[in-house]
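**Student:** Each chain, letter by letter, is given below.
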Amino acid sequence: GAVVSQHPSWVICKSGTSVKIECRSLDFQATTMFWYRQFPKQSLMLMATSNEGSKATYEQGVEKDKFLINHASLTLSTLTVTSAHPEDSSFYICSASLVGTDTQYFGPGTRLTVL
Amino acid sequence: SQELEQSPQSLIVQEGKNLTINCTSSKTLYGLYWYKQKYGEGLIFLMMLQKGGEEKSHEKITAKLDEKKQQSSLHITASQPSHAGIYLCGADTDYGGSQGNLIFGKGTKLSVKP
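For the protein sequence lines, the chains are U and X, in the order given. Under this note's numbering, the residue at position 53 of the first sequence is numbered 54, and the numbers go up by one with no gaps. Under this note's numbering, the residue at position 49 of the second sequence is numbered 55, and the numbers go up by one with no gaps.
These are calculated hints, taken from the structure and not from any lab test. Don't be surprised by glycine CBs; every beta carbon is placed ideally from N, CA and C. It cannot be assumed that every hint is accurate.
Claimed, not checked - Computed footprint of chain U on chain X, listed as stretches where at least three residues anywhere in the stretch have a Cβ under 8 Å from a Cβ of chain U: (1) 32–42; (2) 46–54.
As the list claims (entries may be wrong) - Pairs of lysine to aspartate or glutamate residues, derived as EDC-like cross-links and limited to a Cα-Cα distance of at most 16 Å, are as follows: (3) X:Lys112 x U:Asp103; (4) X:Lys42 x U:Asp103; (5) X:Lys75 x X:Glu61; (6) X:Lys70 x X:Glu60; (7) X:Lys75 x X:Glu11; (8) X:Lys33 x X:Glu73; (9) X:Lys57 x X:Glu73; (10) X:Lys115 x X:Glu11; (11) X:Lys62 x X:Asp72; (12) X:Lys119 x X:Glu21; (13) X:Lys44 x U:Asp103; (14) X:Lys115 x U:Asp103.
Build out the structure end to end from the sequences listed, making use of the hints.
**Tutor:** This is the structure in structure tokens:
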């Protein structure tokens, strides 16, 4: 149990386009989902905390207008990278917390490459 | 496939005491990360270790990677209530982490009694 999926797993896009990444908790309800990014040879860095039905909380330095997060249901959160640029190329990973627990379950990640 | 095993799963210590958390990999580690998580919050990056024998410190937290690069330990000196939380180790599954394939241990829940 407690499986988190991400879609797509890999995406290439042109500079200036927008890309949407989905994060789903497949067999549990997640009131809170987290979005991270990881650059090569670096750590995961928390981008934002997404709570179902409310606005996401962004970490300092993360542009909320560029990285749009929507958490419309207890099983789905989306991250949209708007007007993507090559510097946005990274590995994006989400995690979800089971309601009432503090355990995070991680998705497999999405590799974004912006040309 | 590579796995990370953390021990202990949970730990309760008296304030002021030292403690150690271990993370053991089934394969050689090329990048080992330590994170801390507070309830309801995202992971906070603590330290990254890459070289065998490497040791890093941040305030009262020290992390080491053994020479064989298959085990890391996180040591907290003179623990404080602010140290309470879940400590998670993570690793890249291929050299250089360029693919971004990450694995995580199951976490160690630390409680510090005042």
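**Student:** Give a verdict on every hint.
**Tutor:** Hints and how they fare:
1. Residues of the segment 32–42 of chain X lying with their CB closer than 8 Å to a CB of chain U number 3, which satisfies the three-residue condition for coverage.
2. Under the rule that three or more residues need a Cβ within less than 8 Å of chain U, the assignment of the segment 46–54 of chain X holds, with 7 such residues.
3. Between the alpha carbons of Lys112 of chain X and Asp103 of chain U the distance comes to roughly 12 Å, so the proposed pair stays at or under 16 Å and holds.
4. With a CA separation close to 12 Å, the supplied pair Lys42 of chain X and Asp103 of chain U stays within the 16 Å bound.
5. As the CA atoms of Lys75 of chain X and Glu61 of chain X are separated by approximately 12 Å, the hinted pair is consistent with the 16 Å bound.
6. The hinted pair formed by Lys70 of chain X and Glu60 of chain X meets the criterion: a straight-line CA distance of about 6 Å does not exceed 16 Å.
7. Under the criterion of a C-alpha separation no larger than 16 Å, the hint pairing Lys75 of chain X with Glu11 of chain X is consistent with the structure, at around 14 Å.
8. For the suggested pair Lys33 of chain X and Glu73 of chain X, the alpha carbons sit about 13 Å apart, so the restraint of at most 16 Å is met.
9. A threshold of 16 Å between alpha carbons decides the hint, and for Lys57 of chain X with Glu73 of chain X the separation of about 8 Å falls inside it, so the pair holds.
10. The straight-line distance between the Cα atoms of Lys115 of chain X and Glu11 of chain X is roughly 14 Å, inside the 16 Å bound, and the hint therefore holds.
11. Between the alpha carbons of Lys62 of chain X and Asp72 of chain X the distance comes to roughly 12 Å, so the proposed pair stays at or under 16 Å and holds.
12. Annotation: proposed proximity of Lys119 of chain X to Glu21 of chain X holds, straight-line Cα distance about 5 Å (limit 16 Å).
13. Distance restraint check for Lys44 of chain X and Asp103 of chain U: the Cα-Cα separation of roughly 8 Å lies within the 16 Å cut-off, and the hinted pair is therefore satisfied.
14. Of the supplied pair hints, the one linking Lys115 of chain X and Asp103 of chain U holds, its CA atoms being roughly 10 Å apart against a limit of 16 Å.
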